[in-house]
Amino acid sequence: MTNLEKYDSAFTETFGIERGQLAGLKYQDIEAWDSVGHMSLTAALEEAFDIMMETDDIIDLSSYEAGMKILAEKYNVEF
Amino acid sequence: MTLDEILDIPPYSLRKDDKEKLLLARLNELTELHRENCPEYARVYGAMGFTERAGSVEEIPFLHTAMFKEFDMMSVNPSEVVKTLTSSGTSGQKPSKIYLDRATAQAQQKALARIMSDFIGSKRIPMIILDCPSTLKDRKKFSARGAGILGFSVFGSKRIYAFDDDMKLDVDSLREFLGKISKNTLAGGGADLLLFGFTFMIWEYFCKAAEKSGLDLSNGILIHGGGWKKLANEAVSPEEFRRRLHDVCGISRVHDYYGMAEQTGCVYMQCEYGHFHASTFSDVIMRRPGDFSVCRFGERGIIQTVSVIPQSYPGHSLLTEDEGEILGEDDCPCGRAGKYFKVYGRLKGAEVRGCSDTYERS
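Order-wise, the sequence lines are chains A and B. Sequential numbering from 6 applies to the first sequence in my numbering. Sequential numbering from 144 applies to the second sequence in my numbering.
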């Protein structure tokens, strides 16, 4: 699996949505991505990339695109 | 300064004059915003005879928290509300309803993170939630307890609930959880384990159950909140609470916090000297019950709280039902700038309310 596939799976599996829904997706856009869902997403991303995110990064992960930027810039995940 | 810029300021760095300047500008801005967007707020504002911008933080108009029980106080379109917090309505009372949009909810979480990192560091650590999983059962409508747990959960690298839904302490799972921690993370300095819970729940359930468990939590830092009302009725003092916690599980770093659903995020953390501290993002003013004039430092009064955060509801300046006393400003021995204070608890005659107090034994 490529990193992008891993990244997408964390979202689609956590929220039960399709890949086609990911572009532009923001926190609270869908019912599943609420604050409880956000903690599950964090856990899924941490497991997928074997990382431990900082508190601020978890809070800043407010959209599909923002998360990709955070992982790339701070956790050396190449997409 | 934008809210994001304010939230980037270290939480205990601003001294009196700088803080006054920052708060005044932001609070005036919020008053304007809510006057324009929340009809109920505009009505109260007008009825109180306010006409112009406040010249000091003390002149910012304040709402009584009961307003949030009686009315749907909202400064955004209902479609923008992503979360509704309800404060503990003990039996027979209406709960407060606090409407959050995305920006306000995120700012709350950010403020909490800034404040907490001053106490536990920016690294996330394993966390034991001294409560039961069913507190978060209804994801759409959190109780103050659920919101507290969720807000603090972001600081946990791994999380475990100490109790099952029958409020039975899950000693075996806790032991296994602790076993993994001591192998993995005990090497670093600082706290290795975060414990979070509500004061009454900890006293009533955790202290009793932990006594016979033999759990060693001496490497932990415990953050608790929710008020002392019920414990005060049982004549439990904060000193007794801390002593007993130390006796049953060896924990010695214990921090209470003062906070309310109406201003979630801006918690007032208790420092190593036992004083509650206002952060850069909020402040406290004590007022005399007779005419609401401002108390001197060292004089007991009703606690008013102001916060830079509430944008989706008019909760930036509130008169609580609690009594407190300012102990000083910018000169606490712990080194944190800002006002520090003491809380005496509910005013006599005020409605009984406190978020950990809503758990009734059936």
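Calculated directly from the structure, the hints in this document are not laboratory data. The reader is advised that the hints may include incorrect statements.
Over the 12 Å line for every Cβ pair with chain A, so calculated as not near, a few chain B residues [to be verified]:
| id | residue |
| --- | --- |
| 1 | 149 |
| 2 | 175 |
| 3 | 213 |
| 4 | 215 |
| 5 | 223 |
| 6 | 243 |
| 7 | 256 |
| 8 | 296 |
| 9 | 298 |
| 10 | 372 |
| 11 | 432 |
Taking lysine-lysine pairs in the PhoX-like style, the calculated list, with each CA pair at most 25 Å apart, reads [said to hold, decoys possible]:
| id | chain 1 | residue 1 | chain 2 | residue 2 |
| --- | --- | --- | --- | --- |
| 12 | B | 240 | B | 212 |
| 13 | B | 266 | A | 79 |
| 14 | A | 11 | B | 301 |
| 15 | A | 31 | B | 280 |
Partial selection, computed: residues in chain B whose CB lies under 8 Å from chain A [what the hints assert, rightly or not]:
| id | residue |
| --- | --- |
| 16 | 222 |
| 17 | 225 |
| 18 | 229 |
| 19 | 249 |
| 20 | 252 |
| 21 | 253 |
| 22 | 265 |
| 23 | 267 |
| 24 | 279 |
| 25 | 280 |
| 26 | 282 |
| 27 | 303 |
In this text the structure is predicted, and so the values were computed from the model without any measurement. We put the beta carbon where it would ideally sit given N, CA and C, even for glycine.
| query | Holds or violated: is there a CB of chain A closer than 8 Å to the CB of residue 225 of chain B? | reply | At about 4 Å, which falls below the 8 Å cut-off, the nearest Cβ of chain A leaves the hint on residue 225 of chain B intact, so it holds.
| Closest CB-CB distance from residue 432 of chain B to chain A, is it above 12 Å? | holds, 37 Å
| said: Minimum C-beta separation from residue 149 of chain B to chain A exceeding 12 Å: can you confirm that? | reply: Its Cβ never comes within 12 Å of chain A, the nearest being 15 Å, so this holds.
| said: Hinted pair, alpha-carbon criterion (25 Å max): residue 31 of chain A, residue 280 of chain B. Please report holds or violated. | reply: holds, 23 Å
| Close enough to count: is the Cβ of residue 279 of chain B nearer than 8 Å to one in chain A? | With Cβ-Cβ at 6 Å, under 8 Å, it holds.
| Interface hint for residue 282 of chain B, Cβ within 8 Å of any Cβ on chain A | This interface hint holds because 5 Å falls under the 8 Å limit.
| field | Interface restraint verdict for residue 267 of chain B against chain A (beta-carbon cut-off 8 Å) | value | With Cβ-Cβ at 6 Å, under 8 Å, it holds.
| Given residue 265 of chain B as an interface hint, is the shortest Cβ-Cβ distance to chain A below 8 Å? | holds, 6 Å
| request: For the hint on residue 253 of chain B, just tell me whether its beta-carbon gets within less than 8 Å of chain A. | output: holds, 5 Å
| task | Mind verifying the non-interface call on residue 175 of chain B? Its CB should be farther than 12 Å from each CB in chain A. | result | holds, 26 Å
| field | Distal placement of residue 256 of chain B relative to chain A, Cβ over 12 Å | value | violated, 5 Å
| field | chain A contact restraint on residue 222 of chain B - CB to CB distance below 8 Å | value | violated, 12 Å
Violation of the numbered hints given earlier is confined to hints 5, 6, 7, 8, 9, 16, 18, 25 and 27; the remaining hints are satisfied by the structure.
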